[in-house]
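Chains as they are written, first to last, in this note's numbering: chain A, 1 to 254; chain B, 255 to 508; chain C, 509 to 762; chain D, 763 to 1016; chain E, 1017 to 1270; chain F, 1271 to 1524; chain G, 1525 to 1778; chain H, 1779 to 2032.
Don't take every hint at face value.
Claimed, not checked - Below, in silico cross-link-like pairs of lysine-lysine (DSSO-like), each with a Cα-Cα straight-line distance of 30 Å or less: (1) 415/B with 1010/D; (2) 502/B with 161/A; (3) 1177/E with 1105/E; (4) 167/A with 265/B; (5) 621/C with 828/D; (6) 773/D with 828/D; (7) 669/C with 421/B; (8) 421/B with 248/A; (9) 248/A with 265/B; (10) 773/D with 519/C; (11) 1129/E with 1637/G; (12) 1129/E with 1535/G; (13) 1945/H with 1789/H; (14) 2026/H with 1431/F; (15) 320/B with 343/B; (16) 1359/F with 1336/F; (17) 1518/F with 1891/H; (18) 1183/E with 1027/E; (19) 1590/G with 1264/E; (20) 1945/H with 2026/H; (21) 1789/H with 1383/F; (22) 929/D with 1027/E; (23) 923/D with 1590/G; (24) 1437/F with 2026/H; (25) 1129/E with 1691/G; (26) 875/D with 675/C; (27) 1772/G with 1183/E; (28) 756/C with 1010/D; (29) 851/D with 828/D; (30) 1590/G with 1183/E.
What the hints contain is simulated information worked out from the structure, not anything from laboratory work.
Only a predicted model underlies this, so the values are computations on that prediction, with no experimental measurement involved.
There are 8 protein chains.
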Amino acid sequence: MDVKALLEAVKNGQISVAQAEEMLKGLPYDDMGFAMVDNHRKLRTGFAEVIFCQGKTPAQAAAIAKNLARGGGNVLATRAEPEHYDAIKGVLSGAVYNEAARTVYIEQTPPEKIGTVAVCTAGTSDIPVAEEAAVTAEAFGCDVTRIFDVGVAGIHRLFDKLDTIRKANVVIAVAGMEGALASVIGGLVERPVIAVPTSIGYGANFGGLSALLTMLNSCSAGVGVVNIDNGFGAGYLAGQINRLLHDKMTERGV
Amino acid sequence: MDVKALLEAVKNGQISVAQAEEMLKGLPYDDMGFAMVDNHRKLRTGFAEVIFCQGKTPAQAAAIAKNLARGGGNVLATRAEPEHYDAIKGVLSGAVYNEAARTVYIEQTPPEKIGTVAVCTAGTSDIPVAEEAAVTAEAFGCDVTRIFDVGVAGIHRLFDKLDTIRKANVVIAVAGMEGALASVIGGLVERPVIAVPTSIGYGANFGGLSALLTMLNSCSAGVGVVNIDNGFGAGYLAGQINRLLHDKMTERGV
Amino acid sequence: MDVKALLEAVKNGQISVAQAEEMLKGLPYDDMGFAMVDNHRKLRTGFAEVIFCQGKTPAQAAAIAKNLARGGGNVLATRAEPEHYDAIKGVLSGAVYNEAARTVYIEQTPPEKIGTVAVCTAGTSDIPVAEEAAVTAEAFGCDVTRIFDVGVAGIHRLFDKLDTIRKANVVIAVAGMEGALASVIGGLVERPVIAVPTSIGYGANFGGLSALLTMLNSCSAGVGVVNIDNGFGAGYLAGQINRLLHDKMTERGV
Amino acid sequence: MDVKALLEAVKNGQISVAQAEEMLKGLPYDDMGFAMVDNHRKLRTGFAEVIFCQGKTPAQAAAIAKNLARGGGNVLATRAEPEHYDAIKGVLSGAVYNEAARTVYIEQTPPEKIGTVAVCTAGTSDIPVAEEAAVTAEAFGCDVTRIFDVGVAGIHRLFDKLDTIRKANVVIAVAGMEGALASVIGGLVERPVIAVPTSIGYGANFGGLSALLTMLNSCSAGVGVVNIDNGFGAGYLAGQINRLLHDKMTERGV
Amino acid sequence: MDVKALLEAVKNGQISVAQAEEMLKGLPYDDMGFAMVDNHRKLRTGFAEVIFCQGKTPAQAAAIAKNLARGGGNVLATRAEPEHYDAIKGVLSGAVYNEAARTVYIEQTPPEKIGTVAVCTAGTSDIPVAEEAAVTAEAFGCDVTRIFDVGVAGIHRLFDKLDTIRKANVVIAVAGMEGALASVIGGLVERPVIAVPTSIGYGANFGGLSALLTMLNSCSAGVGVVNIDNGFGAGYLAGQINRLLHDKMTERGV
Amino acid sequence: MDVKALLEAVKNGQISVAQAEEMLKGLPYDDMGFAMVDNHRKLRTGFAEVIFCQGKTPAQAAAIAKNLARGGGNVLATRAEPEHYDAIKGVLSGAVYNEAARTVYIEQTPPEKIGTVAVCTAGTSDIPVAEEAAVTAEAFGCDVTRIFDVGVAGIHRLFDKLDTIRKANVVIAVAGMEGALASVIGGLVERPVIAVPTSIGYGANFGGLSALLTMLNSCSAGVGVVNIDNGFGAGYLAGQINRLLHDKMTERGV
Amino acid sequence: MDVKALLEAVKNGQISVAQAEEMLKGLPYDDMGFAMVDNHRKLRTGFAEVIFCQGKTPAQAAAIAKNLARGGGNVLATRAEPEHYDAIKGVLSGAVYNEAARTVYIEQTPPEKIGTVAVCTAGTSDIPVAEEAAVTAEAFGCDVTRIFDVGVAGIHRLFDKLDTIRKANVVIAVAGMEGALASVIGGLVERPVIAVPTSIGYGANFGGLSALLTMLNSCSAGVGVVNIDNGFGAGYLAGQINRLLHDKMTERGV
Amino acid sequence: MDVKALLEAVKNGQISVAQAEEMLKGLPYDDMGFAMVDNHRKLRTGFAEVIFCQGKTPAQAAAIAKNLARGGGNVLATRAEPEHYDAIKGVLSGAVYNEAARTVYIEQTPPEKIGTVAVCTAGTSDIPVAEEAAVTAEAFGCDVTRIFDVGVAGIHRLFDKLDTIRKANVVIAVAGMEGALASVIGGLVERPVIAVPTSIGYGANFGGLSALLTMLNSCSAGVGVVNIDNGFGAGYLAGQINRLLHDKMTERGV
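Chain A with its partners taken away, still in its complex shape:
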């Protein structure tokens, strides 16, 4: 539930006070038996709760989605299989499925624009994780530029795109195998870099461990790492950084 959106709807007369009262019963969280939906999270951490579908039944995911959608806020679900999408679509007709990213997104109000993100991948196989990052960042109001397949095996491809990358507020570097992309970008840009190791590869990549260690040990400073394949986490952190910027700008009336 997006409390701020709800209150504005009340103010604008879109929702009656009685309706709002009913809706607000779920504050600070709704005890749904199997889940305690954290309706308070947006006030506390800036973004509403996101549904992590893995390990949840389609019915559970749909019930939580419906709960979160009350009041007009946007809802994002990650690691969503087609079955999750079907169930959510059944209760929220505007749901959109991004197959590569495995996300379901219900946009009831376009998010306020808060800043720019460049999402880069080393290879074609890293695209699903990158898409999860991009969709997440977009849901939180970021403008996302996608720059795929610019890994260090053909580093001239990266250099060609460097001007574009340097224009973004935040850079997300998604790479599997040896994960060197994050270090190279970290040495070339003056903006925060978020590194996402992927489990792409074979042999001694041990499910993404090789890329993870590479990124943690990056000789370039200014690189923060999220979990293997965690595109969502990277998109969220990029959103946090851009929202910091946006809030400070707003405070100053810019």
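The hints should help you fit chains B, C, D, E, F, G and H onto chain A, whose structure is shown.
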């Protein structure tokens, strides 16, 4: 070498054109035989090169420090043993040693203020790593608030400090043992959180691996992780975020 | 076989001496060829043998269940697939299947009440493991309170339930991902805490290793850890603690 | 600080109200700059804070010890090197050092007796860890029986002591190398077993990992595991179990 | 190919010299293109080559089996799926499949009896690995006694069988989970013990790693360890030990 | 795209200047949206880009293959499932599938012969990886001799082939299980040895880790290791070595 | 204590019945407070208890040695530092120190000869572990042939010694780095092979893990593995095998 | 012993036939008791045996060095501490110590020039490993160009040196931390690249494991990896490649 500082000194007549010419010979890097000092880094990534003393002789560290100090910029050395400090002090008299953080800092020009950082630790033993983060962030122009020993074994201590923590642009969470601090803070603040696992602990902490995995697997989103004991990396990344803010503010003339 | 229950049945005339003699042939264990059923265990360790179905055929599980059910005691089977349940149901009509917990339970005599347990989970996905713990503890005579989805990403949900948690004799904390729940609870209650890491998560959680290490390295004392996903072990240990209490109370005639 | 002990001293006239007021300023914690001493812990978790000396300077340890000793409670410090002992002895004359256990203990009031613990080791080399467990349990009011060198290589030694072990409320099994002791004891007693893996051994024991995995995978149920070499944690958990018993007995007026 | 058996057949007139000449073409190995069948192995290491079916097509396995069967020796295939059995049966009609052990065995001449082996398992789930060991040892001429489900959770079951176990020349201890069985047996018998860790278990057993480390770190001496689930290796080594005995006896004319 | 082949076609009048101009638009790379095809690679590293099919859809693989085939060069795709082959065959009729190696190869111009390679395997199960190495080396112009199933369990088979192996310029040693083959060959030949660990085996081979560590720790010098199961990498490196030889010979006019 | 030796001394009149009675008080074990000396072990497992000095003080080692020496049996101490030797020598004047093997041996009666062992090493650096194996086997009555520095990097050295190796009843293969020696020997001899991985090496040998995995994954069957650097365990197991032979021979009156 | 050099000395009359006969007694190896010096190695693998000093006493190292120096060949010792150097210098006066590389080299005949190698490092701290590689390659007749401190954090430094690097026959890339240098170079040059991970770094680099995994997973093909810190292995392999070139050139009379 701080190229911008140098050029301003030329403009202000503090340095003659001939002197500056001599100094600029080291662009884009100085080949010192054992090291190629990256004088171009500040232009490229926003911060000047920092000396990582581990594995370098005191003489090497001092030579690089002297090289970097030309032109009036500030110089930071990390993982500095007292011998490194002694050697640097011998060539740069204003060097200051922070024993806990194991840093040497030579400030020739106060850095421009770019934003705020809160550095939190779970325990007393995490302080050295936290100090490295704090000193680094300060060297890059951040205002740092230190909040130590607020781990989750006595979580009321953390709650007492929450208002202070929430005021910072960026939060650095430093924790060893099980490293739960980052998750708890990540669930409570709306700003980017940088998590630093430390190697503090015993038994199955495996040199910080337990805290590292905890932080990577954090159930709270918006957390970027740096390497074990890498206070420097966290301070640097916090600096990158604050500088993004500062640059954008400056562009808008705020 | 529940020897004590059998002897009481003899005393009460429910079973003849000859029948009991036949039944007692299986002491201290029954050699079934593929298994040596440990009918002596209840006398020795306080609880009857439990059937671990994984790696056993449905027929084997059913045969052992039937053997253990002689004499009127209760029988618990864990890691039971529907096929195991079907086979057991075929020989013991009162068998009840808990799908989430994957347990089969045959209650022939209600267990004596021995104390209270609170079973908490960090997330919705941890519920199957928590249910295994709860069902096990209940089978051994514990009163179980279930408190699900109170992980540290929304820590206010945990604080709301703290009074309830504090009332239990023993607390079981079930958590995957970073597993911080056990540390936070351990710092807030004055009762033994049993931590169960789960394999829920992705990326660098390595099948539950991240939560396991977190729990072993907990900065809060008073936390005992069982194996990954081992809800049964946690429920059993909680039963042992409550039975200690019950036995001592009984000794003192309370 | 032992708040209950302090209040009783006030009631008994041993401490004036003004003195007590001064002392209570440290509630719920004392901010000592480098440490936030958790004076509230005893009320919250049943036992006062214990000083973990590793990573603390002798002076820090002594300052915290002095702070905790106010009001007449007992103070325990673990992982204490002789230097820590010397510093603590300098501020608290009654400090006693246990060299094997590496503990410092200051007893100002004999702890109330709460129950019994048997501490068993597999070998002679496991004794230091076992002593840490024993000293901790004693400090919290447990009566401890020590049974050392009864590992499974000569299992008749264990069987000889079985009657003694079975009499205890809680059994702590301390073992390195392959750590089989916990499984064997777990299969023989009807009380909670706390397993402590030790780092004793060589080759592929990997600093205690082999014993840790053995204990986590124990085929005997009812075994809770603490971190490698964590005698303190085992003694503390044994104390929690016995205190549960003691509190319930007291409630019932036994 | 069993060269000795072949030569005896020549001597006895069962095979003509011309036939034998043809057959001996495959010495010291047959180059089958995809495999070099090591017909010389029996002369060199005492036992004929065994077919490891995993990773081989049924047709390849059958072709190798046929090749090895020439000359009248016995043939053993391990890790054989039913498809392998079907293919082998198609070319060698006397093939016998042991489903639990996943072995195919073609006995053309009963092996000479060379000594005794006791194969013990900790649990029911370890039986497949134990059967592989037993079948292998039998194929090499050992008399095998099977003693299953005598793990340390109910150690009285083991003690009951101790006399039987002690009578064997060699003891094979097969155990998963924590694998303590090998240590306990090693401390009780005066014969060589071969320990086989199995991948049975869950959670932190990491595919048998926990049992493997337990066995390598056994506090009982006289224990040799083979790879996880490697029943074949254990049976083979037991065969080597018994054959040593048999050969020496034969030398002495006993 | 093979730029040199293209230019020669222009020179020979096989392709018009206008056609060539169109084709060269893809230099230095073609941005296909999901992939940036590195047409410049052959000029830079000596061999054209190879399509790694794993993680790519058949359609993507086919599109890249078509792109690379322009201008008449040869195209190699690895880790190709039958579906990839079908898709590629649909756009490039001359495509040849090697089922064991899982490669698709389109030869438009026979590659220039550059030198010899011996590809050895320890066992039959290592053949697929060895074939990938062989096919790759052949595509780059090497003459390959295959020597399979010469592992150290029957070392006489290796010695028989030693003269053949010693004649090759480069030796590729492919082995799973304990991977000793590389060390043994490394101690016997005076040519560069490329070791390829395979994931063949069971138990504690941990997906090829055992063979990888063996090869990295080889007591024989002159051995370079590639990733587990990475036949392609070994074939490529062998090609690089032979091409060095070929180029130098050509320079000298030999 | 060697009970059989003691009884023979009684029979021969070397010890009076009263003395023997006093000595036998320590059966089945002596409770020395810090250690329970297992005087019964020789009767049970064939060899007397051996003192593992690591983790024991010199005084403890000496006290145990003295205890074990009663009755005229031989005493072996392993992992003995010079300080342990000095202490033991103080109470048992005939103690002999083997510096390479770090063993102390007190021979009061020459052990009966039970069979032959060949101890082979891959390199010079493996000699200390090999010596521990050799000294142990000798103490248990084996005739030991030492064959050092025959690793596979120069395999002709091994082949030269093959006849000697093949003559032994049992072969111990000691190797660090990649540990291939055990596989090669296992493929060449028809006797049981005991493999001892050593921690010799650097880089990715991870304290002997590389050699350990190699040996466990040996493609040659008939190889039993002991813990890293565990020369004692290998010597003991070789002794068990030879004693089996010796006992059976004796039974048959050979 | 350099057999070819010896025979040439005989031919030239520098050594008498009788002297040569005496010297040749050590063929194919010298049994020195603790070591079997492999005098045959140069004939077999192209380079003479090199002394790995780690784990050898200075006296042993010196004795082997003296043995190898007979006949006029050159001798190389690696991992040599100053004590090893002192001992070797005592028996071979021309010994030269390279402190950074920890090598001792005795050159009695300048090695024939066989080709070029470029040795690159990512940082200053990687120089010792790079020097070991360089010294080794030089001892085997390579011309070595050293290019240090060109890691990817300041990638323009690498690009400046690219022309120099591309001129070498073989490139050795030495890097710790995240080890990305090998991938970047592999994507830019058309020559074989040998990657050497170093143990330089901190935190989750796990003694070089991070760089090792990076290099094994390199997205650039044509990269062979040697063990962590194994500069010797890299130099040796580079020598093998250059010698292949040299031999083939010589065969053709170039």
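Hint check results:
no.: 1; hint: 415/B with 1010/D; verdict: violated, 36 Å
no.: 2; hint: 502/B with 161/A; verdict: holds, 22 Å
no.: 3; hint: 1177/E with 1105/E; verdict: violated, 38 Å
no.: 4; hint: 167/A with 265/B; verdict: holds, 29 Å
no.: 5; hint: 621/C with 828/D; verdict: violated, 45 Å
no.: 6; hint: 773/D with 828/D; verdict: holds, 23 Å
no.: 7; hint: 669/C with 421/B; verdict: holds, 28 Å
no.: 8; hint: 421/B with 248/A; verdict: holds, 12 Å
no.: 9; hint: 248/A with 265/B; verdict: violated, 33 Å
no.: 10; hint: 773/D with 519/C; verdict: violated, 57 Å
no.: 11; hint: 1129/E with 1637/G; verdict: holds, 27 Å
no.: 12; hint: 1129/E with 1535/G; verdict: violated, 40 Å
no.: 13; hint: 1945/H with 1789/H; verdict: violated, 38 Å
no.: 14; hint: 2026/H with 1431/F; verdict: holds, 22 Å
no.: 15; hint: 320/B with 343/B; verdict: holds, 10 Å
no.: 16; hint: 1359/F with 1336/F; verdict: holds, 10 Å
no.: 17; hint: 1518/F with 1891/H; verdict: holds, 15 Å
no.: 18; hint: 1183/E with 1027/E; verdict: violated, 39 Å
no.: 19; hint: 1590/G with 1264/E; verdict: violated, 38 Å
no.: 20; hint: 1945/H with 2026/H; verdict: holds, 20 Å
no.: 21; hint: 1789/H with 1383/F; verdict: violated, 40 Å
no.: 22; hint: 929/D with 1027/E; verdict: violated, 73 Å
no.: 23; hint: 923/D with 1590/G; verdict: holds, 25 Å
no.: 24; hint: 1437/F with 2026/H; verdict: holds, 12 Å
no.: 25; hint: 1129/E with 1691/G; verdict: holds, 23 Å
no.: 26; hint: 875/D with 675/C; verdict: holds, 23 Å
no.: 27; hint: 1772/G with 1183/E; verdict: holds, 12 Å
no.: 28; hint: 756/C with 1010/D; verdict: holds, 10 Å
no.: 29; hint: 851/D with 828/D; verdict: holds, 10 Å
no.: 30; hint: 1590/G with 1183/E; verdict: violated, 33 Å
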